[in-house]
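Colleague: Next come the chains, spelled out residue by residue.
2 protein chains.
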Amino acid sequence: MARRLLGKEVTAALNEKIKENVAALKAKGISPTLGIVRVGEREDDLSYERGATKRCETLGVACEKYLLPADVTQEKLVEVIHQVNQDDKIHGVLIFRPLPKHLDEAAVIQALAPEKDVDGITDGSMVGVFAGTKQGFPPCTPQACMEILDHYGIDCTGKKAVVVGRSLVVGKPAAMMLLKKNATVTVCHTRTVDMPSVVKEADIVIVAAGRAGVVDDRYVSSGQTVIDVGINVNEEGKLCGDVAYDKVEPVVKAITPVPGGVGSVTTSVLVGHVVEAAMRKYSI
Amino acid sequence: MARRLLGKEVTAALNEKIKENVAALKAKGISPTLGIVRVGEREDDLSYERGATKRCETLGVACEKYLLPADVTQEKLVEVIHQVNQDDKIHGVLIFRPLPKHLDEAAVIQALAPEKDVDGITDGSMVGVFAGTKQGFPPCTPQACMEILDHYGIDCTGKKAVVVGRSLVVGKPAAMMLLKKNATVTVCHTRTVDMPSVVKEADIVIVAAGRAGVVDDRYVSSGQTVIDVGINVNEEGKLCGDVAYDKVEPVVKAITPVPGGVGSVTTSVLVGHVVEAAMRKYSI
Chain A
1 MARRLLGKEV TAALNEKIKE NVAALKAKGI SPTLGIVRVG EREDDLSYER GATKRCETLG
61 VACEKYLLPA DVTQEKLVEV IHQVNQDDKI HGVLIFRPLP KHLDEAAVIQ ALAPEKDVDG
121 ITDGSMVGVF AGTKQGFPPC TPQACMEILD HYGIDCTGKK AVVVGRSLVV GKPAAMMLLK
181 KNATVTVCHT RTVDMPSVVK EADIVIVAAG RAGVVDDRYV SSGQTVIDVG INVNEEGKLC
241 GDVAYDKVEP VVKAITPVPG GVGSVTTSVL VGHVVEAAMR KYSI
Chain B
1001 MARRLLGKEV TAALNEKIKE NVAALKAKGI SPTLGIVRVG EREDDLSYER GATKRCETLG
1061 VACEKYLLPA DVTQEKLVEV IHQVNQDDKI HGVLIFRPLP KHLDEAAVIQ ALAPEKDVDG
1121 ITDGSMVGVF AGTKQGFPPC TPQACMEILD HYGIDCTGKK AVVVGRSLVV GKPAAMMLLK
1181 KNATVTVCHT RTVDMPSVVK EADIVIVAAG RAGVVDDRYV SSGQTVIDVG INVNEEGKLC
1241 GDVAYDKVEP VVKAITPVPG GVGSVTTSVL VGHVVEAAMR KYSI
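For the record, the sequence lines run as chains A and B.
Last residue of the first sequence: number 284 in the numbering used here, and the count goes up by one each step with no gaps.
Last residue of the second sequence: number 1284 in the numbering used here, and the count goes up by one each step with no gaps.
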């Protein structure tokens, strides 16, 4: 039976570290604060916002909301972004996307100051991930994968890591982060020939294929650590990952469940970024 | 015997395309122009400058030089960069590096407008490579590798490609560019365990290890295409690549020599970028 890599264990440890850092900041009179920019009332956004707000509260991080109507103009939205950029009391900013179609999302994103880009969406953050520097912040999901590996003491140096998926939000940044951890990294995707044989060779597999159950027992071998980034709803209406858990779990050494794996770590990663942004600002 | 992938053949074909584009621009009264920013008189810079200037001349691209003393101030240099950014007659800019140590090179680079960054050094260009978009320009060396693959009709889709080296100037961008060409891409580096067995599996190998002769016959197998990015001087004072050519050539299907391979293509790639920058500017 595989070891279950549980998001809640990783989150608990992360939260402890975050609380320590928050205490250090507050001792210096700094109250780490997340600015949330939301346009309209999409249910997805509201649900994520509730989660983020609650996690912030638990960890002693303040939230400042900038709520705009769904028909907000580009000018007004960019003005709000400039305002949060300049506001010394806001350390990190979360902008819900996709934005309504009448808005130029790329321009809105680039208006955000990279040092406040705790969600890793600006060019500055992307360069940071690509170059392996501390410019901006990596996207929360691939970093959650790394936090899981770190928490369970899974050393990547010299290991074969395979990333399934080449998206800009997960696959590519995950590959860069594994490379920085000294893994030999392979990126597979829809055009990969005989993917099972490629994935089978890996010591560490990160699956961000975006399709339910695509990685099954033909893809895996004993001794592997499998991190499942997928969040899908199956035919029975239940949450499931990109990995066919029931088939894969009996074969591999360690695996993250869905739900209860990567997804549950991302919110703490986000809040951790807000705290880190505040610490960087004051060189703490 | 392996097919020799010759830089001069690739360059000749590239040059033809560039000349056509230059003619199209000139027909509209636009004279594509490279701005060269050089600080001091380093022999390396002067030698590269001679090559670039000559190639520009051959291809009908103008050169405008901005020559500054080795003790130029940061302010003055950045002022010059702003000047070329704003100059509508300059379409692409080459800044020689490394800059003298008293200068903040990162700040100088970021002062350059990404749309004129024909050498692929700004954050904007890096994001373009990472995201696979046409923002800025990729660094010339990895693009020269892709030009070689394209010229010789080596299709990457579904192929296994291995990049040896994870530098920001060659290894990482080459990996991203191969991924965009739909290859299954693996990045190896100094911490890779049993690199020969990993490289042996590849259909396409790009070697940017930065050490002479590191890839020898233990690393290769029949059917492979090997692109050697290395430029080293061996004990006898002769130029050589990162691949032990005499040992590898008899085994593989195709290989680039050093000299006469990748290196000889980069200058035309640079000039091609200047022309492309002009075409983008006027949407031609």
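Think of the hints as simulated: they come from the structure by calculation, not from any bench.
Think of the CB as a built atom: it goes at the ideal place given N, C-alpha and C, for glycine as much as any other residue.
You may find that some hints are simply not true.
[Claimed, not checked] PhoX-like cross-link-like pairs, simulated, lysine-lysine; straight-line CA separation at most 25 angstroms:
(1) K1181/B x K200/A
(2) K1026/B x K1089/B
(3) K180/A x K1065/B
(4) K200/A x K1180/B
(5) K1089/B x K1065/B
[Claimed, not checked] A few chain B residues that face chain A, going by a derived Cβ cut-off under 8 angstroms, partial list only:
(6) A1013
(7) N1015
(8) E1016
(9) C1063
(10) L1068
(11) A1131
(12) K1134
(13) H1151
(14) I1154
(15) G1158
(16) K1172
(17) T1192
Colleague: Taking the hints in turn, state whether each one holds.
Modeller: Hints versus structure:
no.	hint	verdict
1	K1181/B x K200/A	holds, 23 angstroms
2	K1026/B x K1089/B	holds, 13 angstroms
3	K180/A x K1065/B	violated, 38 angstroms
4	K200/A x K1180/B	holds, 23 angstroms
5	K1089/B x K1065/B	holds, 13 angstroms
6	A1013	violated, 26 angstroms
7	N1015	violated, 31 angstroms
8	E1016	violated, 30 angstroms
9	C1063	violated, 29 angstroms
10	L1068	violated, 27 angstroms
11	A1131	holds, 5 angstroms
12	K1134	violated, 13 angstroms
13	H1151	violated, 22 angstroms
14	I1154	violated, 15 angstroms
15	G1158	holds, 4 angstroms
16	K1172	holds, 6 angstroms
17	T1192	holds, 4 angstroms
Violated hints for the displayed structure, listed by number in ascending order: 3, 6, 7, 8, 9, 10, 12, 13 and 14.
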